[in-house]
Amino acid sequence: MALVEESKNSKTSWLKIGRIDYMSFVGNDVVAFAKGCFIVFYKISDDTEAFYMANSYDTGEGVQCFVGYQSAYMFAFAEMTPSPRIFLVTYPSFEHISVFQDEENIYSYLAMSFAEMECLVCLTGIPTFEIVVWSWRTGQKLASQPSNLFSTDQLIRCSVSMPIGVGQLSRYKNGSTLQLWEIHVCSKFCILHKTEIKNGLHSGTYVTAFCWSPEGIMYITDKEGNVYMIEEGSLMCKKVCAWPRLSPNQKMAPANLLWLKGGVVVSGPDGDVKFFKRSGKSNWAEMWVLYGKGPLVSMAVNRYRDMMVGWTEESIIYQVILEPIEELRQLNFYGHGFRLIEMIHPTDEYFATVDMNNDLCVWMKKSGELLESAQIDQSSLVLDMACNPEMPYLALARSDGALEIFAIYYGVPNSLNVLYLCNDQLSGVAFSSTGALIVTACYEIGRIFVTQGLVGTGRRMKVLEHLLTNKNIVNMVVSPDKSVPKLSILFNDGNVRKHSNELCVYSLPKLELMATINLPKWYSEIILNGNTYIGLPYLSRQIDIFNVNIAENTFNEIEEKESCHKLRKYQITGDQKHIVTYGWDGLVHVRDAETMVIFITFQPHHRIMKGVKRAVIDYKAKYVVTLGEEGNLVCTEILTNCGHSEKEHEKTTQFDETYFRRKTSVMGRETVLNNLTTQAAEVNKITWLQEKQQELLDMERKAAAPELQLIKNEFSLLQRELVQLLNKNENAPPEQKLDILEFDLDEKNRNFLLNEAATERDNLRRLLEAEIKDCDRLFEVIKSNTWDKMKVKGRCIKAMLDDFKVENFPLLPVDPKFEEELKLVMERRKLVKEMSKEDHFEPWIPSSDTNEGLEESKTEEFNLNKGKQEESTSKEEKENPYVLFGSSSHQFVPISDLHCSQFEMGSLFNSSSEIIMLEKVCSDLRLHFNNLFDEMFKKKEREMTLLAERNARLRTILSELEITCHAPSEEPPPIDLCWSQEEQTERIVTITDEEVPAKPYISPSEQELLDKEAAEKERIRLLLAVDNFREKALIEMMDGVLEVRWEDELKKEVPIPKCMIEKKCEDYNEADQKAIKDYEEKCKILQSERERYRKMLEIEYQKLKASIKDSLTQFDAKLHELYITKLKIDSAISHESLKILRIRQMDENRLRYEEEEKLIKERIETAEVVFETAVKEVLRLQAAVEESRANYELNLNKDKSLAKKFKSEFQNTNATLGMMDQLFKLFKRRPKIQQKAALYPTLLNELARLTMHPDQKAFLPPEFHDFLRGL
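Its first residue numbered 1, the sequence shown is counted upward by one per residue in UniProt numbering.
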């Protein structure tokens, strides 16, 4: 494996680059990808790997973007600095061909691509976002132009056809923009020309990727996997392939595509990889498909060898194999999403990582080979990881409060146990120096657990101690003292999370507080070097070394040392012999733990990408594995000696390896018990804290059981006695019975419940009263803002017989500002009309002189032949000058003569004046109709009163017919018409007692007042009744009237003679018979009078009914006329509104036309500037073409002259004729000068150098290489 030596003291052993989004081929079979400070090269032919490290000024400060050159083993990359340089480097020697920089502008680079004719096209980033064309041979900047696409996620690719096409894709969160460029190179000049896709591509299409075919055709794909083709000449976009639609719940990956062997390879949104190829002129067919192999987030193709590779989301690089069968061959796995790393002690030959998928992976330290991986519970997240210093197993702190133990047996992870401690997330875990104890903690609430750490001895894992501090933990560390282990914790007050000055020391495993020390500085992290504390002060680049006195709760004097870091954010870790610091600056410093002297410094990560996230070192200080914030996992081999001897690095540890081996045989009883316990805990999720709480409750319940039983017995006895007393009281005499409340043994509780009920009632009453007040307040607000503001309230009049209604116009009060503006407009119009009376040319209006001339020239024959209809029409127009004004408003309200005609609407002043006056006309129309409406409403009020009186008389007639005439009518009783709320709108905002269905609550005090008022009214009525003897006498004698009415007499029956009641018929005498005869005559007279009265009533009844019907019909007819009037007035108002809209449209069109005129003028000016620029460019190009033509002719003449003089140059030599012929043939086969190149003097010099040194490599066109091979 070819490596680059960064320094004499260290070298990079291997690299896991994580996820990437771009790959490129370098030469024929080398694929390259980059991130951070590294560019990785994977040679497909022999599966070897090399990388280029850019971590210095000479090699480049980071890699922002890069591109490979397929015609030769060369690549280019841009630095990750504010003013970046571009490096052109060879492969595999990594020699610099050229380094160039734009010293005038400061920007970064987002992407780059090699083009034909020795051009390197680059896309800059913030703030310019320009397309820049460089000549990579000379480092000359040929052209630049702003792209006007402002996004940091952009991609550019160049075509291989002429002219050079450049595709620029800018991707945003909710969309994308595709832009095309053309590069024209002529001699020393380069022109960038932007082109546009004409049609066929919808504006809402989200383009995710594109590629070029060798013919210059662009192919693009959207997020749904559909493929489109953009032709080179016409730039027309056409959809050629459609991807099947996915289900709404299916996860979509970004689609990708590349050109390969006459077709396109598409990685779809569902993860399938398909190859489409043209079959015919316009049809495309699916040739092959690989299911479930993607998605390929990045792809690269070598167009010379038809070789293609892809990169998946899992950071696996595949090669697309086409023969003999289509498949994806895995080349290498680079891992991705690393979050945690840890060395596997005690041998430190392996290390473990935890990624974003919660996979635990074990790697070989020296080679970076993935040995094995294990899946951790997906419902949780591993937040911290530590390894036992004496035994090969890891302790993982999970977010679900579980502590999981993994044994590592020769690189194979094996889950030993899972202990669910609590429901809070475990943020940190640490081992004691002997590995006998595991300390894990919840940093947010300060909950600490101490568990048994010697899992490898075969014992079951158990919790030794637990402590809850209710403080935030910043950092915790276990002392390396094997005799008296201690736990040191940095606490804070909760307002800050990342630093503290409160140091607490606890004993292990009892977690007894030994000391609390307030440090003079705030620290973000501490570690223990023996008994000495090493702290990192917050926002400082110093390292503090101090000791603490636990007995006196004090600390010794702080010794300050330089950290040698460039930025103030860094971290510290280490073991008993070495201290490692790393941070955002990307530097890693390794120190001797005793002297704190740095013996090695290297930079595996870049500061722009937040540097180093985590670093671990083996106990021999030979290898350091670092994890960067960008995702790179780098192993650096330290070549210098740390200062310790081999004997000091030796470790003597003994443990039973068979316990850590993955079990494949029959399990023992204890193992089965452990597994069953673990499975039960995982199913039920019962934590250790919950078990302890349950155990405590069980112990308390067991201790209180005797006392509880005694209380129950006493309560049962008390119940029986109380029942006996209640039965005795129930059977006792009434005078001896006690109230039931006397037997209430829990009077206190009863009173408490009563008080609670009273309080609840009071709270409910207050709540209801508050809601009522809120409703009243809201009602007043709504009423004052809507109802009260209306000058004319909206109401209607309903027909009495028909089913229609007429509504009025609700009106607001007249705005005083409008009145003032109207007055001002009318005064202005008077002045304008007076001043411009004779200024307008109106030939259709005859003047006075013209009238006189016309009258003199009129003949008598013309006057006689003039029709009467024309006279009447002219007379009508003369009387009504507003007939042709386009509205009917003049029929209802007077129209002012100050209105503007259509010929006067040429200014905004007249338009605004006319709008105000038309609004006044609309207001007058509404007022006019409201007046008519009010008169009709009063008429209905009179009709309703008259109808009520007539209905009352009809009811009286029906009553008289039934009572007086004893002839009840079959006519139904009359029905009174009622006013609706739409007619009497004031009823909407008022509520009467009859409208409320619930009876109002009357309190006892209010009821007492009402009773007193009723008693007072009754007393007054009785006092008044004492003085009403006259009214009583009148009622008794004459039914309360002074005159006797005829109809009242008809109601009285003829008195029956006494003889008819007291005697029998045979006992009647003459007097009795006379009396009977008089009685019969009176009955006949009464019956005839009643019959006459009945006929009178029936006639009056029919007249009243007819009168009511006529009256209601007449009212409905008048209301219908008012309805028609309303329609006409609405039409007139619509006419005026249309006038207003037309005037406003005219004003808007006038303004729009002015803006369009300005835009046209600006376009003309821009076109003139472009034209002038184009003319200058054409002249410059013409001069360049003439110069190129002259140079070409000169070189052609020189070539002919050299051919003529070739043989004469060898006359004085001993060359034979055959040798001369061979030399002349080689002379003829030498590279010819082509018109497309402008730098051929440089190429010829390079060719001459290679003639003397044929072993060296260079980057020349193919014809030059053919010439060298001929030599």
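Don't take each hint at face value.
Listed below are the simulated DSS-like cross-link pairs for lysine-lysine, each with C-alpha atoms no more than 27 Å apart in a straight line [said to hold, decoys possible]:
#1 Lys940 - Lys1109
#2 Lys141 - Lys366
#3 Lys1118 - Lys793
#4 Lys793 - Lys830
Computed Cβ-Cβ distance ranges for the label pairs, DEER-style [to be verified]:
#5 Ser399 - Tyr172: 26 to 36 Å
#6 Leu696 - Lys510: 12 to 22 Å
#7 Thr554 - Glu760: 53 to 63 Å
#8 Glu691 - Tyr410: 48 to 58 Å
#9 Lys510 - Tyr172: 53 to 63 Å
#10 Asn249 - Glu760: 44 to 54 Å
#11 Tyr410 - Asn332: 19 to 29 Å
If you're looking for bench data, these hints aren't it; they were derived computationally from the structure. Each residue gets a CB set at the ideal place from its N, CA and C atoms; glycine is no exception.
Practice prompt. Take a look at whether the Cβ-Cβ distance between Glu691 and Tyr410 falls inside 48 to 58 Å.
Written response: violated (35 Å)
Discussion item. Just to be careful, I want the Cα atoms of Lys1118 and Lys793 compared with a cutoff of 27 Å; is the pair within it?
Written reply: The given pair, whose Cα atoms are some 22 Å apart, holds under the 27 Å limit.
Item to complete: Could you say whether the range 26 to 36 Å given as a hint is met by the Cβ separation of Ser399 and Tyr172?
Response: holds (33 Å)
Worksheet item: For the pair Asn249 and Glu760, does the Cβ-Cβ distance stay inside 44 to 54 Å?
Response: Taking Cβ atoms as reference, Asn249 and Glu760 lie about 49 Å apart, which means the hint holds.
Discussion item. Can you tell me whether the CB distance of Tyr410 to Asn332 sits inside 19 to 29 Å?
Written reply: Taking Cβ atoms as reference, Tyr410 and Asn332 lie about 23 Å apart, which means the hint holds.
Practice prompt. Mind checking the alpha carbons of Lys793 and Lys830 for me, to see if they're no more than 27 Å apart?
Written response: Violated: Lys793 and Lys830 sit about 35 Å apart, past 27 Å.
Worksheet item: If you check the beta carbons of Thr554 and Glu760, does the distance land in 53 to 63 Å?
Response: Check passed, 59 Å falls within 53 to 63 Å.
Discussion item. Hint check: Lys141 vs Lys366, CA-CA at most 27 Å. Holds or violated?
Written reply: violated (44 Å)
Discussion item. Would the hint linking Lys940 and Lys1109 be met if the CA-CA limit is 27 Å?
Written reply: holds (14 Å)
Practice prompt. Starting from the hint 53 to 63 Å, judge whether the C-beta atoms of Lys510 and Tyr172 obey it.
Written response: holds (59 Å)
Fill in: C-beta pair Leu696, Lys510: status relative to the range 12 to 22 Å that was hinted
Between Leu696 and Lys510, where Cβ atoms are some 19 Å apart, the hint holds.
Violated hints, listed in ascending order, are 2, 4 and 8; each of the other numbered hints is respected by the structure.
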